[in-house]
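When you get a sec, could you build the whole thing from the sequences and use the hints?
Numbering follows our numbering, with no gaps: position 276 of the sequence shown is 294.
It is worth saying that the hints were derived from the structure and are not from the lab. Note that the structure is a prediction, hence the values are computed from the model and not measured. Among these hints, one or two may not hold up.
[To be verified] Below 27 Å or equal to it, Euclidean Cα-Cα: the simulated DSSO-like pairs (lysine-lysine) are:
1) Lys41 x Lys162
2) Lys269 x Lys183
3) Lys56 x Lys162
4) Lys269 x Lys295
5) Lys41 x Lys116
6) Lys116 x Lys56
7) Lys143 x Lys98
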Amino acid sequence: MGGVPFLADAAAFQQAQADAGGKLLAIDFTASWCGPCKMIGPQFEAMQSQFPHVSFAKVDVDENQEVAAQCGIRAMPTFKFFRRGQQVAEFTGADASKLRALLAEHGGPPVDLNAGADVVLCGLKARPECNGRRGVVRSLDAAKGRYAVDLSEAGELPAETLALKRDNLVQRLHVRLSEPSDGSAGGLPETLIEIAEAVLAGYDPEAHAYRVTPLGGEAALDGVPVACCELPVGAVGVVVGLQNGQEHNGKPCRVNGVAENGRLDVGIDAALSLRLKRANVRA
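Given below as structure tokens:
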């Protein structure tokens, strides 16, 4: 892995924000004449390989005074942490333990839906007429835990923007269909046995089943068990239905890989990953 890049100007700072996507962006505001900076700098760089879901960068406050002023830097070293353009933490000083603790706290895998994500509404109690409508994620209000979702006109329902919880959204992901091999309950409906791939078109929380549209233009089908749909690596989802480890139910997660026994390796945060049955992760 290469060294930590320096952000030369405001444009580079903005580009680093964009390139990080949903990942945490950790920035070391440093100076060449600063003794504590020289001590903590190599440790900051070494942590790059230990936190794969974090983007690391540096700003020389003398060379990039515009960004240093924009970020309110008054002492060095100062570390600032951003996610999706919003600052989530900061501290000043050459404290490697505190640096590591903040990276561990905030540097988990990106588990939120991206702006532009194609979603379907589900499980709404107050607006049941909106269940099944398609929308596009505009943004996330992390403080409120709500996504702004733009809905286009649908029949008699007007175009509108709703603020929705993650529980009320399912992504329109491209998935592979197969019988579960990880011990999950449920089998592939006979109507889909000869179909290998589909797009998720809805989710029924009570039945814990998807509505899917097979590739090739066939009509959408209801009642497909979650366990029969293989989420792609890199997809974000929600942990559901755990009996052991119930404290993790409802948490967003990211599919990091698939184990030999067919279970999903999912990341919850920087310190925690779980091996879960397919039935315990829904899109």
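Do the hints match the structure? See the list:
With a C-alpha separation of about 19 Å, the suggested pairing of Lys41 with Lys162 holds against the 27 Å cut-off. About 12 Å separates the Cα atoms of Lys269 and Lys183, which keeps this hinted pair within 27 Å; it holds. About 39 Å separates the Cα atoms of Lys56 and Lys162, which puts this hinted pair outside 27 Å; it is violated. For the suggested pair Lys269 and Lys295, the alpha carbons sit about 15 Å apart, so the restraint of at most 27 Å is met.
About 20 Å separates the Cα atoms of Lys41 and Lys116, which keeps this hinted pair within 27 Å; it holds. Using a Cα cut-off of 27 Å, the hinted pair Lys116 and Lys56 holds, with the two alpha carbons roughly 17 Å apart. At roughly 40 Å between alpha-carbon atoms, Lys143 and Lys98 are farther apart than 27 Å, so this suggested pair is violated.
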